[in-house]
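Asks: Single-letter residue listing:
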Amino acid sequence: MDYVAIILLQTAISIANLVLISAGLAVIFGMMRVINFAHGEFLMLGGYTAVIATQHGVPLLVSCFILAPVLVGLVGLVVEYLVIRHLYGRLLDTMLASWGVSLILIGLVTVAFGNSVSGISTPFGSLSIGRFSIGFYELFLVAVTLVMVIAGYLVMRYSRVGLIARATMQDRDMAASLGVNQRAVYRATFVTGAALSGLAGALIAPIAGVVPTIGASYLAKCFITVISGGPAIIAGTLSASGLLGGVGGIMTFLATPVLAEVALLAAAVVLLRVLPQGITSKFFRRSQ
Amino acid sequence: MLQLVGVHSGYGQIPILRDISLNVAEGEFVGILGHNGMGKSTLLMTIGGTLPATDGRIEMGGQDITRLPVHRRARMGLGYVKQGRRIFPRLTVRENMQAACLAGGQPLARAEEMIALFPRLAPIAERPGGVLSGGEQQILALARCLCTAPRLVMLDEPTEGIQPSIREEIVEALLMLRDRLRLTMLLVEQNEAFLGALCTRSYCLEKGRLVA
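As given, the protein sequences belong to chains W and E, one line each in that order. First residue of the first sequence? That's 1 in UniProt numbering, and the numbers climb one at a time after it. First residue of the second sequence? That's 1 in UniProt numbering, and the numbers climb one at a time after it.
Isolated chain W (complex conformation) (with noise of 0.2 Å):
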């Protein structure tokens, strides 16, 4: 009975993870069509900012959902004034951009904090489930991204923002000939985006640490997922998560953590085969 449970928690901790750190390159490709190949670097940064704050005495969750949002959200303004809005409309363009931005970063952050790994204590300690532990700020994780995920939809779904996101990423010319400054929207998002990546950053930094070069190895697992997801934001992430993250929690917990991450690419290389255009383009096609 343990082991289903931690097995089942272990999944769920896989899937939200996975929709946490992708939820920020999500919301930028599902809208602009712009594939941010600074995310990995924006979810560091994130991290940077929560292991500092918290180093001197910021309590870690004001770091968190504050500082850190609030800092990269800067960040992605900048970028997006600086590069990304001289390119839009260019996919392979800003890939090759902010593929340039994230080396900067990466350089700045090596110069600044060295290139050894940094970390804060995992806080809220652990949970006992038989033979099994598995830490509370983990599950605390799950519960954030469900609330995330339920917000986002709540925003998506009821708000006018909402309204003019989703007639915007389904049209956008002629959404801009009904009135819809696109600059703003594309800006506005931009820098949603690059702040949901901080928040993630900062969130799984307990966890995972902190290094410069940290970025690659989220933004792979990011990329698969938003593109297995397809083109509805919340359902395609949901969806593709679920899937690539239960099966990287099963493997994890069945085989090695190594061995779930080619258990992940190789579900991802799977259904983009059978699915090209991701999930969403076959199944939830009328979800946001």
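Source of the hints: derived by calculation from the structure; they are not laboratory data. Beta carbons: idealized from backbone N, C-alpha and C, even for Gly. Do not take every clue at face value.
FRET-style restraints, in silico, Cβ to Cβ [unchecked claim]:
#, chain 1, residue 1, chain 2, residue 2, range
1, E, Ala122, W, Leu259, 53 to 61 Å
2, E, Lys207, W, Asp93, 32 to 40 Å
3, E, Pro89, W, Val58, 29 to 37 Å
For chain W, the structure is supplied; the task is to place chain E on it using the hints.
Replies: Then chain E, alone, in the frame of chain W:
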């Protein structure tokens, strides 16, 4: 209301429109007639701002809009019903119209006023735009455009792919808008009879030039 003086436009290095000059007075319905590939849609795209004018001047209400971005032209009251309707397919009929109200800076209640104005939309208000028939989409596209409270509406081939009974309904709807709302309209069509039923005067577009 709308004036074009010596407007040139095209796609990249390929010129399509040459030296277009026309004017549309307030409350007037003006038609642009032409076959496929003559530049009718290009003309509306240039006025709407989707395609930049390479030369010449476009004025609306006495203000130069030649270099204004698309959304600023829309906010000034330039309504644009594009070819193919361009309905947001996964938004419901009501949401399509509410999105237009928000985009155009109008209260959401305006969507309900438009649903009342076009009774055909009331029973399908909660259906997604993508599943409607061509005729229903055309009426929705027109109603959605009106949600932005435009001073001038540009209609690009409103009868394209529409069955005759709905075509008559669209003519009636446009006549109602002309007579009740005193709307100004620039219509692009291949169907001469359709333009004749609605417009006070028409231009003919041939190979990128206005010939009459």
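Asks: Does each hint hold? Answer for all of them.
Replies: Results for each hint:
A C-beta distance of roughly 58 Å is found between Ala122/E and Leu259/W, which places it inside the suggested range of 53 to 61 Å. For the hinted restraint 32 to 40 Å between Lys207/E and Asp93/W, the CB-CB distance of approximately 35 Å keeps it satisfied. Pro89/E and Val58/W have their C-beta atoms about 46 Å apart, which leaves the hinted 29 to 37 Å range violated.
Of the numbered hints given earlier, the model fails hint 3 alone.
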